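Novice: Residue strings, one per chain:
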Amino acid sequence: MADATLLNIVLFLPVAGTVLLVFIPKGFDSAVRWTTFWVMVLQLAATVVLYVHYDAAVPGLQFETRIPWIPAWGVYYQIGLDGYNVLLVLLTAFLGPLVVAGAFSAIKKDVKLFYAMVFLIQFAMLGTFVAQDLFVFYLFWETMLIPMFLIIGIWGGERRIYATIKFFLYTAFGSILMLAAVIYLVYSLQATTGITSFAFADLNRIELPLSVQLILLSAFGLSFAIKVPIVPFHTWLPDAHVEAPTAGSVILAGVLLKMGTYGFMKLGFPLFPDATRYLSPLLMTLAVVSIVYGACLALVQNDIKKIIAYSSISHLGYVMLGLISLDLIGIQGAIIQMVSHGLTAAGLFLMVGMIYERCHTRDLAAYGGLAKLLPVYSVFFMILTLASIGLPTTSGFTGEFLVLLGAFKASWPLYLSGNVFPLALSASAVLGVVLGALYMLRFAQRFLFGLAKAPHAPVADLNLREKLILASIVVAVFAIGLYPDEPLRKSELAAKEFQQRVTSVAIPGSAR
Amino acid sequence: MSWLAVLIALAPENLLLAGIVVLIGVEICASSSRAALALSCVAVAAAAMAAAYLYVRGYAATPFPGHFSIGPAGSLAKAVVLALALPVLLLSRDDFREDGQFHILVLSSLYGFCLLLSSDSFLTLFLGLEIMALPVYVLVLLAFKRPESPEAALKYLILGGTATAMFLMGVSLLYGGSGTLSISVFAAALRSADTMAMAGVTLILLAFFLKGAIVPFHAWAPDAYEGASIPVTAYMATIIKAGVLLAALRLFGTEVVSRPVDDLLAFLPLVSIVWGNLAAMRQTSFRRMIAYSSIAHAGYLFYAFLGDGAGRFQAIVFYLVAYGLMNLLAFASLPAGDDDASRDRLDNLKGLFQRRPYAALTIGMAMLSLAGIPPFPGFVAKFLIFKNVMAAGYTTYAVLGLIGSYLGIYFYLRVIQYMFMSADEPAEQGRATRRAAIGASVICLVPVLLVLVFPGWVLARL
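Protein chains in written order, with the working numbering: chain R, 1 to 512; chain Y, 1001 to 1462.
Bound-form chain Y, shown alone (with noise of 0.2 angstroms):
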């Protein structure tokens, strides 16, 4: 391929790039906090919009053969997620306010998040997941806002850590039977019963798991939700959350699960959603709840995988923008607080409609979708995730799932029921008009009403 050629086929990456440098440049001769956002922000959605445009072009190209492709479906994958990323870019406006390395971080995770998208190979689907992972160690590090912060870093750093160490391992297996570091290696060996390959496929699923904090190796989640501020913690219960799942994808393919893994891939998600639902009921802090909420959507979304080859991609995809989108629009209408950790208490929310009707109506919006009610977006991902299921003739996990499923209602009617029915209001602190998240939340309110009026509209463009 001509340089061009590659240039066009990587235009998402490179714009990022090209966003990346600027930033650091900006920052190096006149810190704005205002200009890195606006720049971020055009970075990105240069890179969502020229995603967009390869996928509505239908290109295809294979710039670096062997480890790295580019086809419709991994273009709509990040045109989506890119464009999630924008609303968490927003939201940075009150909570990095002096920094332009919010910016910087975010776009280098982006930039690994596209590789990911893109690889063919162990090597650059190991790149892409290990350069969207470092930033958000940093990231969380990032607010210090509280105490907390360094130690959920830190532990986020480890775990994180030691997943890689697991897919490595994994791959080396692979690798070691194969002679090859395709990533149709691991298709392949979910179909072989040789055990090395078993067992290099159940070490990368491990450590797909612990990234996307499935139980029993959810435990840094909540940690580390709790302690990062607000917009990173929206960043990693959506984009993160949405690399692995894309990266699993991106592995698994459209190869039928058989015997013995699909059991591993049910069981312990089916594990997930039963304790993340049940240990969130209990949460007093708002992340903490999230975090136990992500764990239990991370269920969902691995479940996707039990369903057939062909509806997978449009499963997974569906969800994980129906799932964003719903926390962004949370996240983006969450009062202001004393400080951080009072901002984060679920008492804070009580009387909110009384205060902020559009932010109480958003906020319980954005529960009730999470919840799975209908006729909210989450609703329609949740029914396309356990149709699958349930077509792939897993009935009883697809019924063990939903019910897992209505343990969580209990919780998401609790923040519903202090915003709408608790009579006591704690005053109204910190800044009034918060423009850019009343920004992020009109950005993420726009498709979720396009989704609840037109789903079939939205299904069948992915």
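Just chain R, same shape as in the assembly (with noise of 0.2 angstroms):
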């Protein structure tokens, strides 16, 4: 039954979901969650079933369903999957279960609606990734900032408000480039080709002079830099995540960011090749600056949240090192490191949530030794610790592994052959490495080790819920660094794709 059926009925799992708690009377706030948990469930189940039958040797997409939505406008409800999105897809049906159990204790307030926007982001996220019509991706994309500007709204800390307007305004403004650098795309393709459509497919076919590319791609651009983030558009990053409540954090690290990066890959390079090589250099120095620059705000943070997020940036910088590098390899690296990141970056902010839930501080100074308060809590923050760092056997040495191999051998514009530049920023990046493993061990011993405090004495450890969702995390961890080949395969037609696309052109900075 795995057909393109099933695909639709993943995406629209969540909408179901949100009708089916609509009907739950009030007062029944266990009934919501067990019912969200088990849909997500469900929806996971279905996921699993596609990425098995997806066939890593076949180009293009798969499960693709294609159905006229505003005829008029040549836009159709197109949606599929492909070597961008699978893995991405995956990593997001498996955060939500584990997001909405990792708030069953945590959220007491508007339950229902809590769940509800978790089900509508959850949707609009998956929309995003499997979108392969313009109109319908931009849909997804906007309407994913609804829900999120509720649940940080809503549910999150003392600053909430400022922090979510902020979100909100922040991506808004991206987006509302991107809308104009659309409208004007597809009357683009309209004029050259006389099609009216917004289908990637044909999107990319059109060919534009470098100095449209360059306006059409900074607009899209600003828009995905923002939500990576990549330094300096990354200010409203540190006070989403350190505002929004666990599930929040977890939704905005594991999947959120890397709708950004999946748009860079999966629209912007691929649509403004030679505006992409002409800004390669400018780009990978703003991604090594983000990987620098977060590792070293991350270094002097004192919110344990704050760490994790300033750590975000940095991590999706080897995301964006990786795709900009050009190289097959730096771009697989960069795939992966999306997904690890997902995972890594989802358990830690989760386990931040479980402490927080203890002890009611962020405060890092507050804490101490908690290896002999909670060894079981300590032994999954160590693991998580080091997958973040990228110790190898961990999904995050794989991913910067590879993205850092690629930053060697990316290709230059010509002018810069034989510069120094590239070697330094190269070396510049696995300088982020260091100070990585640097923030996050300075983190880690002040939170686990040395003398034993904790805000509230005595704290309990973890509950089977919580070592059930951080278990199935590790799980995932190890088997990415223990058997990357897996995902290296299901992505790898995509990432020829991708690297084809945005290089094959013979002289460098010149329109085709």
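Hints were generated in silico from the structure; no laboratory data involved.
In this text, all values refer to a predicted model and were calculated from it rather than measured experimentally.
Note that CB positions come from ideal geometry on N, CA and C, so glycine has one too.
Certain hints may be false.
Facing chain Y, from chain R, some residues (calculated, C-beta under 10 angstroms) [what the hints assert, rightly or not]:
#1 Phe37
#2 Asp110
#3 Ala124
#4 Leu150
#5 Leu169
#6 Leu177
#7 Val186
#8 Tyr187
#9 Tyr278
#10 Thr503
These two chains come separately, so use the hints to put the complex back together.
Specialist: Take a look at the structure:
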């Protein structure tokens, strides 16, 4: 039964779940929780079936649905799986039940609305990944904002209003410019080829002069760069992460940030290859600045959520670096790094949420020696810390290592060949790994070791629910670390196609 | 044409007229607000259905050659906007319990609206515009719930009169140049380089800007919107705005605008978008906020005239429907307050989700849609307009307009923030159940969901 219908079912299960929640009467909070959880599990199961049946050897879309939606504009409801999104869809579906289960004890207010919003954001995120039509993509892309806005704003911390409005306004600004670029792009397509279409496949065929490409890439790129976020567009992220409830942080770090890099990979770079190559030194520099700057900021934070928030900026810098290196290994590394960061950051945010539920403070100085107080917690924490640093056998290693390999092999514009700049840039990226180890180990050392103290002693160690949540993440982290071949194979064709598309021009820096 | 054919061709207008006559009779014999509400709803629904029937039949006729003609497009617009008037009438249940005047005035105004949609000459267009506008001056005053109402009504009356004068002056210039009152003169004047024709076009355009509340002619709107009672504000924000825009559309037809009119047509609406959205941020009154938002939306709507002629009707009607539905949805869900002033305060919305989740969700949806956030109908409507503007080659104006629309997001979000994220909840005051208002919001919600899921289906029918 693994066909296009199943993908539609996966996509619309959260909507069905929301409708289901509406009919659960007030006061049955645990019914709401379990309904959401099982719907999410069902979605994960269906996604696994899709993943297993996804044929890595076949290029292009699989499980494709294409139905006219707004025929007058050439808009099709077109979804499908390909090498670009298959891993991210699996990641999203995988984190779904964990987010829900992780919020069981933390969310006490407006439970129904909360889980409805989790459903809706799940729907929007999956939709963004599987959409193969720019209009549909944009709809899902923007729809994502609304549930996140409410999740941070209603269930967040003290400065939640500030954080959530900042989050919304930042991302909406990028989206507005992207919208203008979308309209322009579609009209260029119509003017040059005569077809009115929003389909990615059609848009990929369009050939634009470099000057136009640069403007359009800036518009798309700004939107994506804010989502990633790339320094200097990152300032919304620490606020949003710190104020968001655990589930919000997990969704944000686990999936939402990947929207930006996915956007670059699926749309930004392939649609405007000349501009991408033209701007690649700049983009690469920004990626490395994100890596180093994010790591430096993470090093000096005393708020445990902020450490992980800034580490996310650093880790997504690697993803950008891998993509823009335009080297096959680097691109594949970037895809793995996306999934890996989704797992480790989600896990770390969940763990921070668990300790926050017990002690109600995020101040690093308030903790110490948790290894003695909470042995099980500490073991999980250490594993995720090491995975975040990128120790071999964990997923983090696979991703970062491949990205760095790619960075050294990156193709540079002619005017930079023989220059020391590219080497210095790649070397700085390696420095980021060292800094990564530094800030995570500083965090772990102060958090887990030393004099045993906690704001609320005695603290209870993890319960079964929490253990199961973390165990599943740890298993996934090791699975990718020990057997990276499987995800690499699934994304290989897409990485090749991406590389070919962006680099397939004889003279760099010129229009085709 | 035989008198029967004329009767059929004017069926929507005649049904409204019959409704008015019966309502006056009822008002004289036995003043019953319940009966008045029922009667006016029936009359408007019947008129809307008659217009829809004419549209489906593809009915086209010219009962009064040179002055009044009926075509499918006009019938469709009539049907749609008359249908939008139904929730307004239902809304009035709570604010106009005692008098039936409200219904008579609304029906008269709608009659004028129908007239202008079928007008072929400046004479009928003017008649339509005035019949539509005059009852509204009274409607603003009718509530008299607060001391500001007479001032608002007077301001509206004087500025409305100015617009009328400007319109007539422009028409007389066009008439002087061409010797005919046919509205096709306007489209011809758009093409010509003649100074007198240009002056006429500019005056008429400015009259529409004044009536549509475009900056710098917008000052009446916040006062009038705030001074009127909720159903009247809803009526002004939706139906009157639709009437003004459709009247302008009647004049422009499918004529492509060229220099220098296009700059006038782009610049002032652009300023409106920016200013309306900026000024709305500072408002503490819900109706004032909606007034500034309507100033911005008038900007988007006039933007649509930049687009090429063929897509104009679709873009404007779709936008008017999306915009009107959202305003009505928000007004219908507005919670009750101590008195009119406190009900109007944005603070009254604080913690609404805890008290009335349904109302909070519908208002939230309306706000997001007005802000143009996908996937709500407001986004598709805005997309359609900007798509047309960009297709016509006005890329810079389109981008600036989009950035202007971005400025509006904040104040719509603030409403959501008040409803969902505010801890302090004002105690619920006043009437507990407002069945008519809930009915109105349900009436609006159905087409909203339809557009949400099947925008293509709706667009194909416009």
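Novice: Against each hint, give a clear statement of whether it holds in the structure.
Specialist: Verification of the hints:
1. Interface restraint check for Phe37 (chain R): the shortest CB-CB distance to chain Y comes to about 23 angstroms, outside 10 angstroms, so the restraint is violated.
2. With its C-beta approaching chain Y no nearer than about 7 angstroms, Asp110 (chain R) sits inside the 10 angstroms limit, and its interface hint holds.
3. Taking 10 angstroms as the C-beta cut-off, the interface hint given for Ala124 (chain R) holds, the closest approach to chain Y being about 9 angstroms.
4. Annotation: interface hint on Leu150 (chain R) holds; nearest CB of chain Y at approximately 6 angstroms, less than 10 angstroms.
5. Taking 10 angstroms as the C-beta cut-off, the interface hint given for Leu169 (chain R) holds, the closest approach to chain Y being about 6 angstroms.
6. The restraint placing Leu177 (chain R) at the interface with chain Y holds, with a minimum CB-CB distance near 8 angstroms, inside the 10 angstroms limit.
7. Interface restraint check: Val186 (chain R) against chain Y, minimum CB-CB distance 8 angstroms, threshold 10 angstroms, status holds.
8. About 6 angstroms separates the beta-carbon of Tyr187 (chain R) from the nearest beta-carbon of chain Y, less than 10 angstroms, and the hint is met.
9. For Tyr278 (chain R), the interface hint is violated, since its Cβ never comes within 10 angstroms of a Cβ in chain Y; the closest pair sits about 22 angstroms apart.
10. A hinted interface residue such as Thr503 (chain R) counts as satisfied when its beta carbon comes closer than 10 angstroms to some beta carbon of chain Y; here the least separation is about 30 angstroms, so the hint is violated.
When held up to the earlier numbered hints, the structure conflicts with 1, 9 and 10 and fits the remainder.
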